[in-house]
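Enquirer: Sequence:
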Amino acid sequence: MMQLVKKSKEVLALVLGDYMLDEYIMGDVKRISPEAPVPVVEVKKKEVRLGGAGNVVNNLFALGAKSRVLGCTGRDDLSKILISELESINADVLYLGQIEGYSTILKTRVVSKNQQFLRYDQEQLKDTSIQYIYFIQKKLEEVFEGVDVIIISDYGKGSASEELCQIIITKAKSLNLPIVIDPKGADYTKYRGATICTPNLSELSAASNQVIQNDNEELVNKCGQNICKEQKFNYLLVTRSEKGMSLINEERKLDFPAMAKEVIDVTGAGDTVVSVIALGMAVGMELSECCKLANCAASIVISKFGAATATLNEVLGSQLVDSGEKVISAEKIGLLTEYLKEQGKKIVFTNGCFDLVHAGHVSSFEQAKEFGDILIVGLNGDASIKRIKGEKRPIVEERYRAKLVSSISLVDYVVIFKEDTPENLIETIKPDILVKGKDWEGKNVAGQNFVQSYGGIVQFIDLEQGLSTTNIIERICKTYEIC
Numbered sequence: 001m002m003q004l005v006k007k008s009k010e011v012l013a014l015v016l017g018d019y020m021l022d023e024y025i026m027g028d029v030k031r032i033s034p035e036a037p038v039p040v041v042e043v044k045k046k047e048v049r050l051g052g053a054g055n056v057v058n059n060l061f062a063l064g065a066k067s068r069v070l071g072c073t074g075r076d077d078l079s080k081i082l083i084s085e086l087e088s089i090n091a092d093v094l095y096l097g098q099i100e101g102y103s104t105i106l107k108t109r110v111v112s113k114n115q116q117f118l119r120y121d122q123e124q125l126k127d128t129s130i131q132y133i134y135f136i137q138k139k140l141e142e143v144f145e146g147v148d149v150i151i152i153s154d155y156g157k158g159s160a161s162e163e164l165c166q167i168i169i170t171k172a173k174s175l176n177l178p179i180v181i182d183p184k185g186a187d188y189t190k191y192r193g194a195t196i197c198t199p200n201l202s203e204l205s206a207a208s209n210q211v212i213q214n215d216n217e218e219l220v221n222k223c224g225q226n227i228c229k230e231q232k233f234n235y236l237l238v239t240r241s242e243k244g245m246s247l248i249n250e251e252r253k254l255d256f257p258a259m260a261k262e263v264i265d266v267t268g269a270g271d272t273v274v275s276v277i278a279l280g281m282a283v284g285m286e287l288s289e290c291c292k293l294a295n296c297a298a299s300i301v302i303s304k305f306g307a308a309t310a311t312l313n314e315v316l317g318s319q320l321v322d323s324g325e326k327v328i329s330a331e332k333i334g335l336l337t338e339y340l341k342e343q344g345k346k347i348v349f350t351n352g353c354f355d356l357v358h359a360g361h362v363s364s365f366e367q368a369k370e371f372g373d374i375l376i377v378g379l380n381g382d383a384s385i386k387r388i389k390g391e392k393r394p395i396v397e398e399r400y401r402a403k404l405v406s407s408i409s410l411v412d413y414v415v416i417f418k419e420d421t422p423e424n425l426i427e428t429i430k431p432d433i434l435v436k437g438k439d440w441e442g443k444n445v446a447g448q449n450f451v452q453s454y455g456g457i458v459q460f461i462d463l464e465q466g467l468s469t470t471n472i473i474e475r476i477c478k479t480y481e482i483c
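Take the sequence shown: its position 365, counting from 1, is numbered 365 in the UniProt record's numbering, and each next residue is one higher.
It should be emphasised that the hints constitute simulated quantities derived from the structure, not laboratory data.
Quantities reported herein were computed from a predicted structural model and do not represent experimental measurements.
Take these hints with a grain of salt, some might be off.
To be verified - The calculated lysine-lysine pairs, modelled on DSS-like cross-linking and capped at a C-alpha distance of 30 Å, are: (1) 232 x 326; (2) 66 x 107; (3) 304 x 6; (4) 478 x 389; (5) 345 x 253; (6) 232 x 253; (7) 222 x 232.
The task is simple: from the sequences and hints, build the whole structure.
Expert: See below:
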C-alpha cells in the first residue's frame, strides 16, 4: 500500500486507446411534452468530461500518475476540447494523432436527478490511419521513453488496431514492462502476449463463444484459463458485478468478493479497475494486492455519478476503514484521517501510556469521544515510556497495550508513537479536537499551538481522582509485600 503513496507520482503510463468526450446535459423534469409522450427536460447545466481512454488517463491523474496518450482523433472543434481537457490533467498529447477526415467522438447523455433519459452518440468509425501507425513506428523509442506501464483501453472505435497493439505490446515486452488490457470484441488476438486482460463477464462470454452464468465458477475458471493459454496472457481479471472479481491464470483462480456500496452509476468502473491495476504493477505491488485496491476503487466510483474517478487517498483510506483494523501504523494514519475528514468526520485525538488500563482511562475515552466522530488514541511506545518513567516501566508491552486499548469500543484507532511526545503524530493527523486531562491545563501541551493554528480546539477533561497506573502498582506492592 505505501509503495503507491511513495511512488505513484513517479509513474508514467502509456495509454493507447479510443479517446472521446462525454457530455452531460442535466436538468429537471416537470412535465410531459404535448407533442409526444416524452418527458421535457428543463436544462440547468451542461458538462463535458473525458471519456473512453481519456477516462483512464483521468483516473491515473486522480491516483497521482502521469500519462502519455496514443490514439486517433479528428481535426475538429471537439478535438480542441479533448486535447485541452487532457492537457489540463498534465497528459502528454504529443503522440495523439489528429487525422484529417476523422470525427472526434462525443457521447451525450440527458440526465435528471442522476437518471439517464437518453444517450446519443456522434461518431464516424474508421480504422487506425496507416500514416499514424508509420508515425508511431518511427517515433517508437521516443514514445517509450520513461514509460513504466502500458494500458490499452479499447472501446472498439478504431484506434487500437491489431497492428498498432502488437507494435506496442512487442516493444513493451522487450523492455519488460507490464501491459494491461481493457478489451473490446470477441477476438483477443490483437492483445496477444499482454500481461493481464480485464474483461467483464459478458466480454468473457463473447470471447469464449458461450453463455457463462455468473454463478458457474467452474466455467468462469475454464474459459479464463483457455483464453490465457490461447493468447499467452499471464493473467485474466474477470470483473463480475455483484460477485466482485476473479483473477485467473493457467494454474488457479483467485476470487475478490464485491465490496458493498451504493450503486449510483457503473459508467467507467472498468477504466478505474485497469488504472489501479496498472499503477500497482508499475510500482512493483503484488498482483493480488493490486486487485484488492482495484476492487475497492471500483466500489467508490460506482457510488458517484457519471464517469467518475477515485483519488489515491480515497482508495487507500476506504481500504483501511473496510479492513476493520484498529491498530494503525504512524505511516498510514495520515492517509486514514485525511479520508475520514473528506467523509465529513470530526477527528478527536488523545494520548498516553495506558500501562495497566483502568477505569480512569475508560472515563477519559468516554469524555473524549463526545467531542467528535472518530477517536484516535496515541500510545507511547515502550522505549519512550522507559525514558519518561524509568527502566522498570512499562509493565505491559506496547503490542499488548495497543490490543487492550483498541478493544475498547469507544476507541476507533490506536497509533503507537516512538517519540517522547505525540507532536509529530498530531501534525500528521491534524485533529479537530485535542483532548488532555485537566492536570495539563495552563501547561505546555504537546501539539496545542499546532492544533490551534488551523482553528482546532484543545479540550481539558476531568480525571478520576486516585486512579493511576502508579497508584495501582504501589497498591499491589504494598498489599503483597513484593516491592
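Enquirer: Hint by hint, note whether the structure agrees.
Expert: Comparing the hints with the structure gives:
no.	hint	in the structure
1	232 x 326	violated, 42 Å
2	66 x 107	holds, 25 Å
3	304 x 6	holds, 27 Å
4	478 x 389	holds, 20 Å
5	345 x 253	violated, 38 Å
6	232 x 253	holds, 16 Å
7	222 x 232	holds, 15 Å
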